[in-house]
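Novice: The primary structure of each chain is shown beneath.
There are 2 protein chains.
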Amino acid sequence: MRRVSRPALQLWFEFASTYSYPAVQRIEALADGPGVGVEWKPFLLGPVFKNQGWNDSPFNLYPAKGRYMWRDLERLCAKYGLPFRRPSVFPRSSLLAARVARTAAAEPWCGDFVRAVFHANFADDRDIASVETVTAIRRPGRALVEAAAAPETKARLRAATERAIALGIFGAPTAVVGDELFWGNDRLEDAVAWAVTAASRAGDRR
Amino acid sequence: MRRVSRPALQLWFEFASTYSYPAVQRIEALADGPGVGVEWKPFLLGPVFKNQGWNDSPFNLYPAKGRYMWRDLERLCAKYGLPFRRPSVFPRSSLLAARVARTAAAEPWCGDFVRAVFHANFADDRDIASVETVTAIRRPGRALVEAAAAPETKARLRAATERAIALGIFGAPTAVVGDELFWGNDRLEDAVAWAVTAASRAGDRR
Numbered sequence: 001m002r003r004v005s006r007p008a009l010q011l012w013f014e015f016a017s018t019y020s021y022p023a024v025q026r027i028e029a030l031a032d033g034p035g036v037g038v039e040w041k042p043f044l045l046g047p048v049f050k051n052q053g054w055n056d057s058p059f060n061l062y063p064a065k066g067r068y069m070w071r072d073l074e075r076l077c078a079k080y081g082l083p084f085r086r087p088s089v090f091p092r093s094s095l096l097a098a099r100v101a102r103t104a105a106a107e108p109w110c111g112d113f114v115r116a117v118f119h120a121n122f123a124d125d126r127d128i129a130s131v132e133t134v135t136a137i138r139r140p141g142r143a144l145v146e147a148a149a150a151p152e153t154k155a156r157l158r159a160a161t162e163r164a165i166a167l168g169i170f171g172a173p174t175a176v177v178g179d180e181l182f183w184g185n186d187r188l189e190d191a192v193a194w195a196v197t198a199a200s201r202a203g204d205r206r
Numbered sequence: 001m002r003r004v005s006r007p008a009l010q011l012w013f014e015f016a017s018t019y020s021y022p023a024v025q026r027i028e029a030l031a032d033g034p035g036v037g038v039e040w041k042p043f044l045l046g047p048v049f050k051n052q053g054w055n056d057s058p059f060n061l062y063p064a065k066g067r068y069m070w071r072d073l074e075r076l077c078a079k080y081g082l083p084f085r086r087p088s089v090f091p092r093s094s095l096l097a098a099r100v101a102r103t104a105a106a107e108p109w110c111g112d113f114v115r116a117v118f119h120a121n122f123a124d125d126r127d128i129a130s131v132e133t134v135t136a137i138r139r140p141g142r143a144l145v146e147a148a149a150a151p152e153t154k155a156r157l158r159a160a161t162e163r164a165i166a167l168g169i170f171g172a173p174t175a176v177v178g179d180e181l182f183w184g185n186d187r188l189e190d191a192v193a194w195a196v197t198a199a200s201r202a203g204d205r206r
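As given, the protein sequences belong to chains G and E, one line each in that order. When you line the first sequence up against my numbering, it's residues 1 to 206, in that order. When you line the second sequence up against my numbering, it's residues 1 to 206, in that order.
Don't read these hints as lab results, they were simulated from the structure. Misleading hints may appear alongside valid ones.
[Stated by the list, open to error] Each computed EDC-like pair below joins lysine to aspartate or glutamate, with the alpha-carbon atoms no more than 16 Å apart: (1) E:Lys79 <-> G:Asp127; (2) E:Lys79 <-> G:Asp190; (3) E:Lys50 <-> E:Asp190; (4) G:Lys50 <-> G:Glu162; (5) E:Lys79 <-> G:Glu180; (6) G:Lys65 <-> E:Glu189; (7) E:Lys79 <-> G:Glu162; (8) G:Lys79 <-> E:Asp72; (9) G:Lys79 <-> E:Glu162; (10) E:Lys65 <-> G:Asp32; (11) G:Lys79 <-> E:Asp127; (12) G:Lys79 <-> G:Asp186; (13) G:Lys79 <-> E:Glu74; (14) E:Lys79 <-> E:Asp186.
[To be verified] Label pairs and their calculated CB-CB ranges: (15) G:Arg201 <-> E:Asn55: 50 to 58 Å; (16) E:Arg156 <-> G:Gly35: 26 to 34 Å; (17) G:Arg201 <-> E:Phe90: 27 to 35 Å; (18) E:Ala149 <-> G:Ala202: 40 to 48 Å; (19) G:Ser130 <-> E:Arg156: 33 to 41 Å; (20) G:Glu39 <-> E:Pro151: 25 to 33 Å; (21) E:Ala150 <-> G:Asn55: 28 to 36 Å; (22) G:Trp109 <-> E:Asp179: 40 to 48 Å; (23) G:Ala78 <-> E:Asn55: 33 to 41 Å; (24) E:Asp179 <-> G:Ala159: 39 to 47 Å; (25) E:Asp124 <-> G:Lys154: 51 to 59 Å.
Please read all numbers here as calculations on a predicted model, not as lab measurements. Here a beta-carbon is modelled for each residue, glycine too, at the ideal position from N, C-alpha and C.
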């Protein structure tokens with residue numbers, strides 16, 4: 001009997017990352033049709049960039065690239081029908097939101113939380129580093145912040161970032177399907193297609 | 001009477017640039033359908049990268065990014081049905097080919113020449129810096145090399161590179177439509193669509 005594995009991809013993202021915004025908003029709509037499961041993988045770009053010798057976002061370090069990115073993101077959001085307002089602070093500290101998302105990775109509300117934090121940063125220009133912003137998105141606030149501050153949560157997020165580097169991830173968003181990396185919002189469609197093909201091949205081998 | 005401007009885009013490219021390979025091979029097929037004219041704009045990335053503090057390709061300077069790019073390019077070429085062999089030397093010196101393309105910018109054979117040089121570099125792993133490779137693509141070789149070596153050709157290519165920097169170009173390929181930049185092979189479809197819309201708007205204003 002031919003059994004087909006459920007296709008799946010991991011979406012590695014960083015809450016401060018500009019192109020992660022359209023990617024997290026789009027991924028489930030793209031993945032749901034062909035039945036591809038999405039695993040949310042929050043991590044921190046700071047240590048990844050530090051490994052490349054950068055102490056800031058490359059969009060700040062390389063101004064021509066940064067100017068282009070803001071215009072490109074504006075055009076892309078218009079194309080996708082996503083609201084967009086350029087954040088007055090960039091990059092924003094994503095540590096708190098990433099820790100909360102890390103504790104929520106297996107929860108049914110994880111996707112909604114992730115999307116709402118990105119919306120706060122890139123559509124409402126709100127400070128996602130603040131407890132008020134994060135707890136307004138998901139209640140009860142005290143439990144959320146306590147879970148985020150727990151040593152095991154901090155350790156898990158650090159481990160996720162180390163895992164990202166070990167996988168060869170150098171930017172966000174990156175979709176991972178088996179051994180294949182797909183970097184950037186513009187590779188999401190290819191990543192979903194790859195997940196479907198890979199699952200079908202795995203089914204054929206059984 | 002409503003008159004529609006002929007839509008057009010400039011394709012700024014560099015012969016050593018990996019993602020310029022699928023872009024130059026694809027652009028005319030994408031542009032011809034909607035009647036968008038393509039202007040070939042060879043330039044040199046070396047001075048652009050030097051402005052950003054790099055003395056080599058970022059794909060060599062940042063190994064994780066480089067490893068990803070080679071695999072991504074291989075996958076993209078498979079998707080587009082383009083032959084691909086990883087060049088044994090990267091980046092190759094593109095000065096001679098860029099000068100020839102600069103002299104040919106208005107010639108009907110320019111597109112074929114550009115595509116053949118990219119094919120030599122990224123499908124046949126041939127040295128595009130050599131006179132033999134370039135003159136095998138386009139004859140008569142002596143006239144070609146003499147025109148490429150003329151002081152006015154050298155000055156024109158330098159001016160094109162300065163113009164690219166002034167336009168805000170920081171990488172290749174970049175499609176330019178009016179004031180809009182579209183960086184990367186993955187933005188070609190958007191650039192063509194923008195050219196069509198821009199020409200239609202210009203027609204409406206008349």
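Novice: Taking the hints in turn, state whether each one holds.
Specialist: Outcome of the hint check:
1. Using a Cα cut-off of 16 Å, the hinted pair E:Lys79 and G:Asp127 is violated, with the two alpha carbons roughly 41 Å apart.
2. The straight-line distance between the Cα atoms of E:Lys79 and G:Asp190 is roughly 10 Å, inside the 16 Å bound, and the hint therefore holds.
3. Restraint check: the Cα-Cα separation between E:Lys50 and E:Asp190 comes to about 29 Å, which exceeds 16 Å; the hinted pair is violated.
4. Distance restraint check for G:Lys50 and G:Glu162: the Cα-Cα separation of roughly 12 Å lies within the 16 Å cut-off, and the hinted pair is therefore satisfied.
5. Pair hint E:Lys79 plus G:Glu180 holds up; C-alpha atoms about 15 Å apart against a cutoff of 16 Å.
6. Pair hint G:Lys65 plus E:Glu189 does not hold up; C-alpha atoms about 20 Å apart against a cutoff of 16 Å.
7. The straight-line distance between the Cα atoms of E:Lys79 and G:Glu162 is roughly 31 Å, outside the 16 Å bound, and the hint therefore fails.
8. Note on G:Lys79 and E:Asp72: the hinted pairing is violated, with a Cα-Cα distance of about 24 Å set against a maximum of 16 Å.
9. This hinted pair does not check out: G:Lys79 and E:Glu162 have alpha carbons roughly 31 Å apart, beyond 16 Å.
10. Taking the CA atoms of E:Lys65 and G:Asp32, the gap is about 29 Å. The hint is violated against a cut of 16 Å.
11. For the hint pairing G:Lys79 with E:Asp127, the CA-to-CA distance comes to about 41 Å; that exceeds 16 Å, so the pair is violated.
12. A hinted pair counts as satisfied when its Cα atoms are at most 16 Å apart, and G:Lys79 with G:Asp186 qualifies at roughly 13 Å.
13. For the hint linking G:Lys79 to E:Glu74, the alpha-carbon distance of about 28 Å lies beyond 16 Å, and the restraint is violated.
14. For the given pair, E:Lys79 sits about 13 Å from E:Asp186 by alpha-carbon distance, which is consistent with the 16 Å threshold.
15. Checked against the given bound of 50 to 58 Å, the beta carbons of G:Arg201 and E:Asn55, roughly 43 Å apart, lie outside it.
16. Under the hint 26 to 34 Å, the C-beta atoms of E:Arg156 and G:Gly35, about 55 Å apart, miss the expected range.
17. The supplied range of 27 to 35 Å is met by G:Arg201 and E:Phe90, whose beta-carbon atoms lie about 31 Å from each other.
18. In this structure, E:Ala149 and G:Ala202 break the distance hint of 40 to 48 Å, their C-beta atoms being roughly 57 Å apart.
19. Between G:Ser130 and E:Arg156, the C-beta spacing of about 54 Å breaks the proposed range 33 to 41 Å.
20. Range check, G:Glu39 to E:Pro151: about 59 Å between beta-carbon atoms, so the 25 to 33 Å window is missed.
21. Between E:Ala150 and G:Asn55 the beta carbons are some 46 Å apart, a value that contradicts the proposed interval 28 to 36 Å.
22. Between G:Trp109 and E:Asp179, the C-beta spacing of about 42 Å keeps the proposed range 40 to 48 Å intact.
23. For the pair G:Ala78 and E:Asn55, the supplied restraint of 33 to 41 Å holds, since their beta-carbon distance comes to about 38 Å.
24. Judged by the Cβ atoms, the range 39 to 47 Å given for E:Asp179 and G:Ala159 holds: they are separated by roughly 45 Å.
25. Remark: the range hint 51 to 59 Å for E:Asp124 to G:Lys154 is upheld by a beta-carbon distance near 52 Å.
Of the numbered hints given earlier, the model fails hints 1, 3, 6, 7, 8, 9, 10, 11, 13, 15, 16, 18, 19, 20, 21; all others are met.
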